[in-house]
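S.K.: The listed protein sequences derive, respectively, from chains A and B.
Here the UniProt record's numbering is used: the first residue of the first sequence is 1, the next is one more, and so on.
Here the UniProt record's numbering is used: the first residue of the second sequence is 1, the next is one more, and so on.
To be clear, the hints were calculated from the coordinates, so they are not data collected in a lab.
On a predicted model such as this, the values are computed, not experimentally measured, just so you know.
Just so it is clear, CB atoms sit at the ideal spot from N, CA and C, and this is done for glycine as well.
Among the clues, some could well be false.
Below, simulated DSBU-like cross-link-like pairs (lysine-lysine); rule was C-alpha separation at most 35 Å, straight line [stated by the list, open to error]:
(1) A:Lys163 - B:Lys145
(2) A:Lys284 - A:Lys317
(3) B:Lys331 - A:Lys125
(4) A:Lys163 - A:Lys291
(5) A:Lys314 - A:Lys44
(6) B:Lys42 - A:Lys440
(7) A:Lys163 - B:Lys192
(8) A:Lys314 - A:Lys284
(9) A:Lys175 - B:Lys304
(10) A:Lys47 - A:Lys440
(11) A:Lys44 - A:Lys125
(12) B:Lys145 - B:Lys42
(13) A:Lys436 - B:Lys331
(14) A:Lys314 - A:Lys291
(15) B:Lys304 - A:Lys254
(16) B:Lys145 - B:Lys304
(17) A:Lys254 - A:Lys317
(18) A:Lys125 - A:Lys214
(19) A:Lys125 - B:Lys42
(20) A:Lys47 - A:Lys436
(21) A:Lys270 - A:Lys284
(22) A:Lys125 - A:Lys440
(23) B:Lys331 - B:Lys192
(24) A:Lys436 - B:Lys42
(25) A:Lys270 - A:Lys218
(26) A:Lys440 - A:Lys214
(27) A:Lys254 - A:Lys284
(28) B:Lys42 - B:Lys199
(29) A:Lys47 - A:Lys175
(30) B:Lys331 - A:Lys440
Computed, partial: chain B to chain A, Cβ under 8 Å [what the hints assert, rightly or not]:
(31) Ala79
(32) Leu278
(33) Gly279
(34) Pro315
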Amino acid sequence: MFGITALHLARAQFGFTVAFHILFPAFSIGLAAFLAVLEGLWLKTGKHVYLDLFRYWLKIFSIGFAMGVVSGVVMSYEFGTNWSRFAEKAGPVLGPMLAYEVLTAFFLEAGFLGVMLFGMDRVGKRLHFTATCLVSIGTLISMSWILASNSWMQTPAGYVIDKATGRFMPEDWWKIIFNPSFPYRLVHMGLAAFLCVAFSVGAVGAYHLLRDRKRGRKPTEAVRVMFSMAMWMAAIVAPLQILAGDTQGLNTLKYQPAKIAAMEGDWDSKTRAPEILFGIPNMKTETTDYKIELPFAGSLILTHDINGRVPGLKDFKPEDRPYSPLIFFTFRIMIGLGFLMFGLGLLSLFLRWRGTFYENVWLHRFALVMAPSGFIALLCGWITTEVGRQPYTVYGLLRTTDSVSSIALPGIATSMVAFVIVYFAVFGAGLAFILKLMSKEPEMGESGLDPRTPTRTSGINPGPAQGADSNVDIRSGKQSGHAQPAE
Amino acid sequence: MDQAHWLPIIWACIACFTVLAYIVLDGFDIGLGILFAVEPEKHDRDVMVNTVAPVWDGNETWLILGGAALYGVFPVAYATILPALYPPIIAMLLALIFRGVSFEFRFRAETARSRLIWDIAFFAGSTLAALTQGLILGGLIQGIKVENGQYAGGWFDWLTGFSIFCGLSVVVGYALLGACWMIWRVDGDLQKRARRHAKTLAVVTLGLIIVASLWTPTLHLEYMRHWDVWPRILYVAPVPVLVAVLAVLFWRTIDSEDHHLTPLLCALGWFFLCFTGLGVSLWPWIVPPSIDIWQASSPPSSQKFLLVGTVVLIPTILAYTTYSYWVFRGKVGRETHYH
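Generate coordinates for the entire structure from the input sequences, incorporating the hints supplied.
M.R.: Next up, the structure:
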């Protein structure tokens, strides 16, 4: 059927479901840490603005978390349905790591999420803060296991291959987990998750600053604090991320030279290699067309040495080369966004120093359009690293063609259609709910668990009692209701 | 005996425990979704959802653990069962997506119409999840065609009269768990109606258990061998007897104002006993009738590595799960606003 095989569809389906899924954990990792910081600041300073912001972002977190859970259930089973031969061969190594992820992270997150979302008036401040921290720690542990597994597929270590069955047999778990690319990927992904949330929070802050300005209102303290915290994150983390990306590049050059060649669009291996800024790699003619080059920069960036040798795709047999045209561009989008983030961070520092941080419209507009930048960069980076691993599932050892299940094309096509429809419907609705919550300003006495009126106005659901036009009355009502924070 | 013999046995026990924990914990909250069909009032549905809102995703995590542990310790079974049961598994995953997000979305819906849509999604997702879990169970029990260690059957081999019967049974059984959960966690009229639903569902469930007990042994002759061999029958005879004992206890407490938790415990007991009976029949196969737990195992190094952590972590998880249930204990009424 149109030259499409079950392998193509299996790859497309996996790519599609992972691409959706990866956004939610990234959001949860960053946002859980942000929530822990906000609650910690509230407990330390007693300032109500931090509690308001905590409750404001908690609602958004709960939606994102639920979507992460349900899209994650899919991942747990998809290795078996579409990639059963991979599951059988790599299962002895990867399976226990994924099981450890569930045991050490998922249960921790899910177990204390209930307390974090609904337990403030049942367990007291300190225990509640502990629950928030545990959820945040859970997201970080989860990320560590997933990156250990993924890094092992990129730079396998600590295994022997069983001659009879072709299965990977674990030999040294320490080497498997702390495989050569794991530390670099972990740092890069962790910083990416923090940047995703920094720019989301920053954009929400910027949106309300711009809207308040348009309406001639003074921005509330909550909006200013939110925007300021996000811009500090951007200013500190964006440059760190550029450094982290650079060290991961050195690591990839050492262990996955074909990936580097494909990312760079280089065909012939050479020293004093130029950096191709733009071009269109052509896998058939083995050239990169229309290229704009920066002399010597390729060697300098990749090897930190002007005489360094940069690999070319022709070093590898045609059937061993990753598909360059796709990752050439995703890599450049990621880098470009990284430098824009860095630029926004610098601009924010400069305007802070000038004292126009909360007034400068251009800063706020810039921050607003950068809202999805973290997620787009994350997806592009992920495509670069995963497509760059091709044509292998376990780099250099197990080919993708030898990994797929022996399933029929119509079946996998049907499930593909079902996934696309359901994901767009469900996660589209989720995004709409999140944007709706973001479009409202954080209020004083946010999410008022008002003890006097036991109706369903507790904030997360926008019940009819919370009409937007009666804002002022509700606010003053809530303030008095909040004289003693619920314990 | 060597570890290549014992480790798979230990892991088979842990796997059984995981599946059982999933059924016990997620069964009732899926059951609540099924019961949405008979509770048309918004505030009643809100109360029902609020009884599980703080704990549902912990419950569902057992299903993720089941997948991941199967992948890690029985990769051959994982790689055979999942392609064989591809359509019901995909359908289950999609159903769980709708069900899972409905928890959050239904409270945020601002119009009556969109709230109704997410209520329907919650009901349909829960019912389909239960149905497909039954289909998967039935598909596994009736046997999977394997050649050269790979699935060798067709696309719809799983779809038989027996698997459909199992699917419907799980829907009824989960609805029973849901009704009994409500007896425990709510009061007033809603509880009264739950008692009535529970009675009907219990009768049907007991009937289905009897049919399943008679039908299953006819699928494979091997399934009978643990049941009719003297003296082994002595060890397994208590299973049907205990089902009957629990039935009597259920009937004596279902209408009693003094008992709120007992019906749920009886219903859970039935599930536990059915599961035990099934385990006795299937042993030692993991993919009947061709792959046993030793053939399906990953190397001892993988099983040992995971076992070390599991021994410590599962009790820890059970401890803080209990804590979480304790925090949100007590009757849930209309005043309890978790959302």
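S.K.: Holds or violated: Lys125 of chain A and Lys214 of chain A, Cα atoms, limit 35 Å.
M.R.: violated (38 Å)
S.K.: If you take the shortest Cβ to Cβ gap from Gly279 of chain B to chain A, is it below 8 Å?
M.R.: This interface hint is violated because 21 Å lies over the 8 Å limit.
S.K.: Verify the proposed pairing of Lys314 of chain A with Lys44 of chain A, using a straight-line Cα cut of 35 Å.
M.R.: violated (59 Å)
S.K.: Do the alpha carbons of Lys145 of chain B and Lys42 of chain B lie within 35 Å of each other, as the hint requires?
M.R.: violated (47 Å)
S.K.: Does Lys440 of chain A sit within 35 Å of Lys42 of chain B, going by the straight-line distance between their CA atoms?
M.R.: Within the cut-off at roughly 26 Å; holds.
S.K.: Taken at face value, is the distance from the CA of Lys125 of chain A to the CA of Lys44 of chain A at most 35 Å?
M.R.: With a Cα-Cα distance of about 11 Å, the restraint between Lys44 of chain A and Lys125 of chain A holds, given a limit of 35 Å.
S.K.: Does the structure keep Lys314 of chain A and Lys284 of chain A at a Cα separation of 35 Å or less?
M.R.: holds (12 Å)
S.K.: Mind checking the alpha carbons of Lys254 of chain A and Lys284 of chain A for me, to see if they're no more than 35 Å apart?
M.R.: holds (26 Å)
S.K.: Can you confirm whether the C-alpha distance between Lys440 of chain A and Lys214 of chain A stays at or below 35 Å?
M.R.: Roughly 15 Å between the alpha carbons, so the hint for Lys440 of chain A and Lys214 of chain A holds.
S.K.: Please work out if Lys436 of chain A and Lys42 of chain B have their alpha carbons no farther apart than 35 Å.
M.R.: holds (23 Å)
S.K.: For the pair supplied as a hint, Lys270 of chain A and Lys218 of chain A, confirm whether the alpha-carbon distance does not exceed 35 Å.
M.R.: violated (59 Å)
S.K.: Minimum Cβ distance from Ala79 of chain B to chain A below 8 Å?
M.R.: holds (4 Å)
Checked against the numbered hints listed earlier, the structure breaks hints 4, 5, 7, 12, 18, 25, 29, 32, 33 and 34; every other hint is satisfied.
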